[in-house]
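**Q** Taken in order, these protein sequences are the chains called A and B. Read in this note's numbering, the first sequence has 37 at position 37, and its numbers run on one by one without any break. Read in this note's numbering, the second sequence has 100 at position 100, and its numbers run on one by one without any break.
Keep in mind the hints are simulated off the structure, nothing from the lab. Where hints are given, some of them may not hold.
What the hints assert, rightly or not - Derived lysine-lysine pairs resembling DSBU-like cross-links, with alpha carbons at most 30 angstroms apart:
1. B/K109 - A/K9
2. B/K73 - B/K16
3. A/K57 - A/K70
4. B/K109 - A/K57
5. A/K57 - A/K9
6. A/K57 - B/K73
7. B/K70 - B/K3
8. B/K70 - B/K109
9. A/K9 - A/K71
10. B/K3 - B/K73
11. B/K16 - B/K70
12. A/K57 - B/K3
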Amino acid sequence: NAGVTQTPKFRVLKTGQSMTLLCAQDMNHEYMYWYRQDPGMGLRLIHYSVGEGTTAKGEVPDGYNVSRLKKQNFLLGLESAAPSQTSVYFCASSYRGLAGARGETQYFGPGTRLLVL
Amino acid sequence: AQKITQTQPGMFVQEKEAVTLDCTYDTSDPSYGLFWYKQPSSGEMIFLIYQGSYDQQNATEGRYSLNFQKARKSANLVISASQLGDSAMYFCAMRAGSGGGADGLTFGKGTHLIIQP
Numbered sequence: 001n002a003g004v005t006q007t008p009k010f011r012v013l014k015t016g017q018s019m020t021l022l023c024a025q026d027m028n029h030e031y032m033y034w035y036r037q038d039p040g041m042g043l044r045l046i047h048y049s050v051g052e053g054t055t056a057k058g059e060v061p062d063g064y065n066v067s068r069l070k071k072q073n074f075l076l077g078l079e080s081a082a083p084s085q086t087s088v089y090f091c092a093s094s095y096r097g098l099a100g101a102r103g104e105t106q107y108f109g110p111g112t113r114l115l116v117l
Numbered sequence: 001a002q003k004i005t006q007t008q009p010g011m012f013v014q015e016k017e018a019v020t021l022d023c024t025y026d027t028s029d030p031s032y033g034l035f036w037y038k039q040p041s042s043g044e045m046i047f048l049i050y051q052g053s054y055d056q057q058n059a060t061e062g063r064y065s066l067n068f069q070k071a072r073k074s075a076n077l078v079i080s081a082s083q084l085g086d087s088a089m090y091f092c093a094m095r096a097g098s099g100g101g102a103d104g105l106t107f108g109k110g111t112h113l114i115i116q117p
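Make the full structure from the sequences, and use the hints.
**A** Shown next as structure tokens:
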């Protein structure tokens with residue numbers, strides 16, 4: 001099992017360019033998440049999905065869009081990149097979402113480093 | 001609102017000593033999960049240990065244990081017999097909600113642990 005994988009590992013964009021980050025998981029998890037990590041900080045939730053065909057906004061959703069067309073994939077899009085979106089992006093997945101119950105543990109991908117010039 | 005506080009920005013510990021990393025949390029939800037993640041210099045987020053709010057016993061995973069004191073709202077991570085490979089950033093995180101909410105994790109700012117030979 002590969003777990004959670006992310007593509008690409010590193011990318012440099014110019015302001016205004018667009019790109020899509022791909023997250024894939026092979027654990028048959030229902031829930032998937034996108035986070036960003038900025039220097040000296042913990043992770044912050046961008047968007048999440050509770051199942052195929054569903055998405056919802058997290059703490060910092062502005063400037064991003066997501067899609068979950070297949071259960072195993074969760075895409076994060078930047079339509080017009082800005083320097084403020086320079087960050088490390090992590091995808092995560094979990095089996096279930098009920099807080100306080102076993103199975104809610106989120107497993108993370110290796111991250112994508114994005115630099116917007 | 002949910003909040004995680006980690007009061008130790010950095011710690012130096014001698015190899016083979018036990019380490020306690022502090023974490024306090026704040027939530028009004030009765031259902032929540034508490035997590036610890038390790039982030040080595042390579043950048044990935046590695047899941048260490050989980051404690052559910054209804055769990056009666058403190059969680060243990062190998063050399064890791066979680067000292068869960070519900071009344072004090074603390075969830076300290078204890079690493080027994082520290083090793084050089086334990087040097088990393090450690091993040092405490094929480095996920096709270098009732099009714100099957102699928103919001104993401106709320107992270108603390110982390111503790112940078114350095115194990116000295």
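**Q** Does each hint hold? Answer for all of them.
**A** Status of the hints after comparison with the structure:
1. B/K109 - A/K9: holds, 24 angstroms
2. B/K73 - B/K16: Holds - the C-alpha atoms of B/K16 and B/K73 are around 28 angstroms apart, at most 30 angstroms.
3. A/K57 - A/K70: holds, 18 angstroms
4. B/K109 - A/K57: holds, 22 angstroms
5. A/K57 - A/K9: holds, 24 angstroms
6. A/K57 - B/K73: Distance of about 28 angstroms is within 30 angstroms: holds.
7. B/K70 - B/K3: holds, 15 angstroms
8. B/K70 - B/K109: holds, 21 angstroms
9. A/K9 - A/K71: holds, 22 angstroms
10. B/K3 - B/K73: Measuring from Cα to Cα gives roughly 11 angstroms; hence the hint holds.
11. B/K16 - B/K70: Given that 30 angstroms is the threshold and the Cα spacing comes to 29 angstroms, the pair holds.
12. A/K57 - B/K3: Roughly 19 angstroms separates the two Cα atoms, so the pair holds.
The structure is consistent with each of the numbered hints, conforming to all of them.
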